[in-house]
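Protein sequence lines, in the order shown, are assigned to chains A and B. Going by the working numbering, the first residue of the first sequence is number 10, and it counts up by one from there. Going by the working numbering, the first residue of the second sequence is number -6, and it counts up by one from there.
By construction, these hints were calculated from the structure, which means they are not laboratory data. Heads up, some of the hints might be wrong.
[Stated by the list, open to error] Straight-line alpha carbon distances no greater than 25 Å define the calculated BS3-like cross-link-like pairs of lysine-lysine that follow: (1) Lys172(B) - Lys32(A); (2) Lys48(A) - Lys234(A); (3) Lys32(A) - Lys117(A); (4) Lys291(B) - Lys275(B); (5) Lys115(B) - Lys32(A); (6) Lys172(B) - Lys201(B); (7) Lys117(A) - Lys115(B); (8) Lys234(A) - Lys329(A); (9) Lys289(B) - Lys275(B); (10) Lys289(B) - Lys14(B); (11) Lys7(B) - Lys204(B); (12) Lys119(A) - Lys14(B).
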Amino acid sequence: MQEITYREAILAALQEEMRRDDKILIMGEDIGPSGGPFKTCQGLYEEFGPARVRDTPIAETGFVGAALGLAITGYRPIAEIMFADFLGVCFDQIVNSIAKHRFMSGGKVKAPLVIRAIGGAGLRFGAQHSQTGESWLLSVPGLTIVCPSSPNEAYGMLRAAIRADNPVIVFEHKALLSTKGPVDIGGPIPPLTGPRVLRPGSDATVVASLAMVGRALEAAELLAKDGIEAEVIDIRSLRPMDTGPIAESVRKTNILVTVEEQAQIGGWGGEVAAQVTESAFDYLDAPPARVTLPDYPVPYSPPLEDAAIPSPERIAATVKSLV
Amino acid sequence: MKAKTAKPQRATAKVRPLTDKDRLDLFRMMVRIREFEEEVQRSYLEGLVHGTTHLCQGQEAVSAGTGIVFREDDYIGYTYRGHGICIARGMDAEAAFAELFGRETGVCGGVGGSMHLTDIDKGLIGAFGIVGGGLPVSVGAGVTAQLNGRGQISATFFGDGATNIGAFHEAMNIAQVWKLPVLFICENNLYGEFTRINHTTPYEDLIKRAKGYEMAAVQVDGNDVEAVYAATAEAAGRARAGGGPTFIECMTYRHRGHSRTDPAKYRDPKEVEAWLARDPIKLYEAALIKRKLLTKQKAEAIIAEERAAMRAASERAAAAPWPDAGIDFQALTFA
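Just chain B, same shape as in the assembly:
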């Protein structure tokens, strides 16, 4: 899979070059997200996570590479496969686990669950379980950002499948007509639920969607965290300066199935193998070792630290009490 990069349509804002510290932070963040999701998977098998859950192993570069661009006052909307951006944004891992476990100490008090991690104080405006449902909401947050006039942006994450639903097109159209500071971040992992993109969509390069709206667009290797950073930083700079929205297509792959009950047997083993070889964490580890910012031992130490931290957070979450079953709906939602 070759990643292509389209030329943006407008004068570009300057992108801040990454420092060595940024690079190590990006590596650690990808590892943290990976270890979070691995811990979710383990917890699911132990019966701690209920119903279903949608994991993002393999797509960590998108969450980490975009996450480093956002300001504290930006608005971030995402989907049921949104644990990655929540962790990248600094959601407390224990509160996230507790939410997945349905506990009182969960970030939403156990009411939301795996598909609805929300933390408005961190600008994490919501996880939407309906494909495409969050895009118009992020457009509204984009209107807020524009009206506030403080250079905020609204970013919205979604998958390839969402580009086939009406909400996507209405959101793209409104954002472009109103020149809103919205980043449409498409994680093209080639599969909408259990079906490969070529069975549902006229083309695989979804950057073509943006053309119909004359929206600035860029396609990047979504497994290259620095490429994701550069594209996002440029688009964010443009949006903050009043240059309008950008469609960012990140070509990536989910290592696991759509949800926990999906073994993903519909995928060609060769395709899976090729993408596993392009694991974003392994790619970046090799790149940083080459740059002499990291050694194999140091990388392993980071992985071990994050694994231990996620395990500890998960164990604390699992020990938390259940919510009170006498929940007062009126007080909860109308007070």
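Next up, chain A with everything else stripped away, as it sits in the complex:
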């Protein structure tokens, strides 16, 4: 295990995979000599050259669509979306082309491509540069959608995504880029599906994604001081969504709280709540609760933004109100 940042973990995965397979290439805005606005591609251009590390025009429809063209003709492209918010610009390519191409061909045309989208709030970027976007593509069959919450997950899931033979959307979080954690460099490729229990507990199940995982763990610390043991689960993958282990946890704790950095309506928390209710209805001691952003865009001003993002205190208070 090596202690590195989330940013270094992304870079390590890219380097390692690109060294392993010369069919892998990466495209995006300012990712060449500049190394990427968030420095997630630093050194790639120098090592792999302009053919495999391609600076694109500011044209997400163009280069994300081009990723599909590369993927169906023998390459394994990675497209970096500088801010996840810009997924809105290439929505058609993802939803109508990338997600459906293999299906429409009767399964014959494989599309091994990765879209990395760096999203999330907390850095004072305002409403158009702070969205996680994690649920925007949730209703689209044909996509795999993952959301790494730690350096180890970022490293492992990106490697797994690059090796997958189908389109994978990797949501990264810019507030996590500088966070450090142990990473199993060169370790086994983790699955792209399934949640992971990060802290065991018997009194409540708290499921979170991306930057909210850390806050849920902090909330669990606060709750422990009051004698409440929360089980914290990182959902990891939104598509396919495996709620089996979450239901398993709820059968033990009888309480379900989801935490996500997006508005409640249309979020993944609703789907988790529905699926757990379907499979573990008799075990729930309270209605599932969802801790989310308020139902307005992310505001700019620091106190406003801080108040909008679910805090450990808010998560803990929600759990407390149910147990």
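Chain B: place on chain A using the hints.
Same frame as chain A, but now just chain B:
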């Protein structure tokens, strides 16, 4: 309608002259595409084709004239009005009909349908139902062609309407900046769905679009199959040699409406009449008779043969079983 030809901007590659056999092949291919589409139309009225379908009668010279240029390892992207290029590329007609009929033996197992005929083994990388949606994908195939370094090209077919959507401009820009071996083949049939080009676009000569990207461009009579061939062959030669993309505007006309529910009453009957008089198959038949490569009787025999072949393929397709309704989506798309 006079067809104009713009001068290409770069030194031209040599174009292989057509042989007499090529000419007869081109004629037969146009007839085959026509008869395929006529059979689709007949089948639609019989209830064998479902939903909608977009026919290309009148535009056969574009499919045949470009199709003869492509190599087996080239990548071809197209649209929902793409049956013509699929047939020109050698897609099995029975498998194409079966796909349109939603049958198990369809080229995509009946999952794709009329708008999504795809046959990756023949370089037919995909039919895109969203206007302009296929252009960036063809640009990606163009990157593959460039990286492979074997002189492959990527060609992408689209209509006049697509030149108004952002994907077109992003694709043109990237292709030119990266000097990709991509042929942008615009079938300008003057109508985007039900609306004439002058209501939606600042000019009718879409070759002007290429100027903004400093891309080599040529405008040809899209109903003259040899003109289409010459322009495409020249552009392909340039692209294979590393000379970058070309925008090829083929001025043409669809004989039918936008889709099967469209009687196309919005068109001036005089305009329709003028274009029907310039039917690409009739024009070429007359040209080949003049060259003494064809007689009226021989032409009729070719038409009869192709009609019978398409009818037979369609009948075999119609007898094919439906797909299994218990389709395993996970296995189909994630295995």
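Verification of the supplied hints:
A hinted pair counts as satisfied when its Cα atoms are at most 25 Å apart, and Lys172(B) with Lys32(A) qualifies at roughly 20 Å. For the hint linking Lys48(A) to Lys234(A), the alpha-carbon distance of about 39 Å lies beyond 25 Å, and the restraint is violated. A threshold of 25 Å between alpha carbons decides the hint, and for Lys32(A) with Lys117(A) the separation of about 20 Å falls inside it, so the pair holds. For the hint linking Lys291(B) to Lys275(B), the alpha-carbon distance of about 13 Å falls within 25 Å, and the restraint holds.
Using a Cα cut-off of 25 Å, the hinted pair Lys115(B) and Lys32(A) holds, with the two alpha carbons roughly 22 Å apart. Distance check on the hinted pair: Lys172(B) and Lys201(B) sit about 19 Å apart at the alpha-carbon level, within 25 Å; holds. The suggested pairing of Lys117(A) with Lys115(B) holds, with an alpha-carbon distance near 12 Å, which does not exceed 25 Å. As the CA atoms of Lys234(A) and Lys329(A) are separated by approximately 12 Å, the hinted pair is consistent with the 25 Å bound.
About 11 Å separates the Cα atoms of Lys289(B) and Lys275(B), which keeps this hinted pair within 25 Å; it holds. At roughly 17 Å between alpha-carbon atoms, Lys289(B) and Lys14(B) fall within 25 Å of each other, so this suggested pair holds. Distance check on the hinted pair: Lys7(B) and Lys204(B) sit about 24 Å apart at the alpha-carbon level, within 25 Å; holds. A hinted pair counts as satisfied when its Cα atoms are at most 25 Å apart, and Lys119(A) with Lys14(B) does not qualify at roughly 38 Å.
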